[in-house]
Amino acid sequence: MNEIPDFWRTEVFHPLSVHFPIALLLVATLFKIVSLWSRNKLWPQAGSILLGLGILGAWIAIYTGNQADGIVSRKLCDPTVLKEHENMAYITAWIFTAGFALDLALTYGLLNFKKNIFKFILVLGMLTGSVLLGYAGHLGATLVYQQAAGVYTPSEDCLEYN
Amino acid sequence: MKNAILKSLFAGLVFMFFACGETNTVESGTYQGTVDEVKPDKTEIYVKTDDNKTLELYFTDETVLSRGGNEVEFSELQKGQKVEVEVEKVGKRLDPLSVKILE
Numbered sequence: 001m002n003e004i005p006d007f008w009r010t011e012v013f014h015p016l017s018v019h020f021p022i023a024l025l026l027v028a029t030l031f032k033i034v035s036l037w038s039r040n041k042l043w044p045q046a047g048s049i050l051l052g053l054g055i056l057g058a059w060i061a062i063y064t065g066n067q068a069d070g071i072v073s074r075k076l077c078d079p080t081v082l083k084e085h086e087n088m089a090y091i092t093a094w095i096f097t098a099g100f101a102l103d104l105a106l107t108y109g110l111l112n113f114k115k116n117i118f119k120f121i122l123v124l125g126m127l128t129g130s131v132l133l134g135y136a137g138h139l140g141a142t143l144v145y146q147q148a149a150g151v152y153t154p155s156e157d158c159l160e161y162n
Numbered sequence: 001m002k003n004a005i006l007k008s009l010f011a012g013l014v015f016m017f018f019a020c021g022e023t024n025t026v027e028s029g030t031y032q033g034t035v036d037e038v039k040p041d042k043t044e045i046y047v048k049t050d051d052n053k054t055l056e057l058y059f060t061d062e063t064v065l066s067r068g069g070n071e072v073e074f075s076e077l078q079k080g081q082k083v084e085v086e087v088e089k090v091g092k093r094l095d096p097l098s099v100k101i102l103e
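Just so you know, the sequences run in chain order A and B.
Quick note on numbering: the first sequence equals residues 1 to 162 in the working numbering.
Quick note on numbering: the second sequence equals residues 1 to 103 in the working numbering.
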């Protein structure tokens with residue numbers, strides 16, 4: 001008879017940590033887009049804070065994803081999806097990290113020329129990152145819902161729940 | 001200064017896209033190649049085959065690692081070693097049945 005596994009397994013920490021940076025980075029992008037038109041400084045400032053927090057969360061999610069990878073890869077029927085998910089996650093995290101560096105450079109006056117162009121490049125980069133973030137998320141979801149990555153499958157007779 | 005910053009940004013983005021690894025799926029069989037990367041924490045290796053394909057192999061309980069006919073520990077594996085791997089294709093996953101260190 002199967003045993004119900006412990007909930008706090010290594011592979012569970014990835015889904016627990018990954019949704020915060022997704023939300024933070026998407027909202028940060030939205031705020032930075034609004035800041036291109038709005039004169040209210042709240043938008044770019046809030047966007048920068050969310051971007052910083054989102055990046056921190058993204059790298060934590062990559063760390064927990066790497067931990068989970070070692071466990072779930074051995075059970076997947078198509079680990080190439082996981083590899084693509086991993087690649088997309090790294091590209092996305094680096095794009096947002098580069099965006100954050102650019103944002104800091106703009107905020108602290110390290111880039112004192114063509115500021116508006118750099119602001120536009122920042123938003124463009126964040127938009128690209130958001131699209132890739134969505135795709136990475138989609139791949140993550142297919143791993144769970146099509147290949148049951150990290151998911152315990154109960155026995156047909158559910159005896160382990162008695 | 002301006003050019004240096006712009007070039008750094010561009011170079012960084014190009015690096016990001018090319019730094020990501022791509023792996024291949026092959027049919028069940030025996031392949032020779034070179035160990036491209038070893039990840040001891042995941043008991044995982046990447047093997048670049050002689051026909052330039054990259055195999056990502058996660059060791060299982062059934063994987064036999066040997067050198068000179070003797071079974072050896074995973075820690076014996078190092079980047080750059082020539083190896084012969086026998087893999088079983090399960091779906092698109094490659095399960096290594098045996099890994100022989102050739103040098």
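Treat each hint with caution, since some may be false.
[Stated by the list, open to error] Simulated pairs of lysine-lysine, DSS-like, Cα-Cα distance not exceeding 25 angstroms:
1) A:Lys119 to B:Lys42
2) B:Lys82 to A:Lys115
3) B:Lys100 to B:Lys82
4) A:Lys115 to B:Lys89
5) B:Lys39 to A:Lys75
6) A:Lys119 to B:Lys89
7) B:Lys42 to A:Lys75
8) B:Lys53 to B:Lys92
9) B:Lys79 to A:Lys41
10) B:Lys92 to A:Lys119
11) A:Lys75 to B:Lys92
12) B:Lys92 to A:Lys83
13) B:Lys100 to A:Lys115
14) A:Lys114 to B:Lys48
15) A:Lys41 to B:Lys39
[As the list claims (entries may be wrong)] With the C-beta cut set under 10 angstroms, the calculated list includes, among others, these residues of chain B facing chain A:
16) Lys39
17) Ser66
18) Asn70
19) Ser75
20) Glu88
21) Val90
22) Gly91
23) Lys92
[Stated by the list, open to error] The calculated label-pair distances, taken between Cβ atoms and stated as ranges, are:
24) A:Ile33 to B:Glu76: 31 to 39 angstroms
25) A:Leu124 to B:Glu22: 23 to 31 angstroms
26) B:Ser75 to A:Lys114: 48 to 56 angstroms
27) A:Ala148 to B:Lys89: 35 to 43 angstroms
28) A:Leu16 to B:Asp61: 25 to 33 angstroms
Derived from the structure by calculation, the hints contain no laboratory data.
Glycine residues also receive a C-beta, built at the ideal position from the N, C-alpha and C atoms.
Now the hints, each set against the structure:
1. A:Lys119 to B:Lys42: Status violated; Cα separation ~41 angstroms.
2. B:Lys82 to A:Lys115: violated (53 angstroms)
3. B:Lys100 to B:Lys82: holds (9 angstroms)
4. A:Lys115 to B:Lys89: violated (54 angstroms)
5. B:Lys39 to A:Lys75: The given pair, whose Cα atoms are some 18 angstroms apart, holds under the 25 angstroms limit.
6. A:Lys119 to B:Lys89: violated (49 angstroms)
7. B:Lys42 to A:Lys75: holds (14 angstroms)
8. B:Lys53 to B:Lys92: holds (15 angstroms)
9. B:Lys79 to A:Lys41: violated (52 angstroms)
10. B:Lys92 to A:Lys119: violated (43 angstroms)
11. A:Lys75 to B:Lys92: Roughly 11 angstroms between the alpha carbons, so the hint for Lys75 of chain A and Lys92 of chain B holds.
12. B:Lys92 to A:Lys83: Since the Cα atoms of Lys92 of chain B and Lys83 of chain A sit roughly 12 angstroms apart, the hinted pair holds (cutoff 25 angstroms).
13. B:Lys100 to A:Lys115: Not satisfied, since the Cα-Cα distance of roughly 58 angstroms exceeds 25 angstroms.
14. A:Lys114 to B:Lys48: Distance ~46 angstroms between Lys114 of chain A and Lys48 of chain B Cα, so the pair is violated.
15. A:Lys41 to B:Lys39: violated (46 angstroms)
16. Lys39: Constraint on Lys39 of chain B satisfied, holds at 8 angstroms.
17. Ser66: This hint is violated: Ser66 of chain B lies away from chain A, its Cβ roughly 21 angstroms from the closest one there, beyond 10 angstroms.
18. Asn70: violated (25 angstroms)
19. Ser75: violated (16 angstroms)
20. Glu88: violated (13 angstroms)
21. Val90: Since chain A brings a Cβ to about 7 angstroms from Val90 of chain B, closer than 10 angstroms, the hint holds.
22. Gly91: Holds - the Cβ of Gly91 of chain B comes within 10 angstroms of chain A, reaching about 3 angstroms at its closest.
23. Lys92: At about 4 angstroms, which falls below the 10 angstroms cut-off, the nearest Cβ of chain A leaves the hint on Lys92 of chain B intact, so it holds.
24. A:Ile33 to B:Glu76: 31 to 39 angstroms: At roughly 54 angstroms between Cβ atoms, Glu76 of chain B and Ile33 of chain A fall outside 31 to 39 angstroms, so the hint is violated.
25. A:Leu124 to B:Glu22: 23 to 31 angstroms: holds (26 angstroms)
26. B:Ser75 to A:Lys114: 48 to 56 angstroms: Given a distance of about 53 angstroms, which is inside 48 to 56 angstroms, the answer is holds.
27. A:Ala148 to B:Lys89: 35 to 43 angstroms: violated (20 angstroms)
28. A:Leu16 to B:Asp61: 25 to 33 angstroms: 28 angstroms Cβ-Cβ, so the 25 to 33 angstroms window holds.
When each numbered hint is compared with the structure, violations occur for hints 1, 2, 4, 6, 9, 10, 13, 14, 15, 17, 18, 19, 20, 24 and 27.
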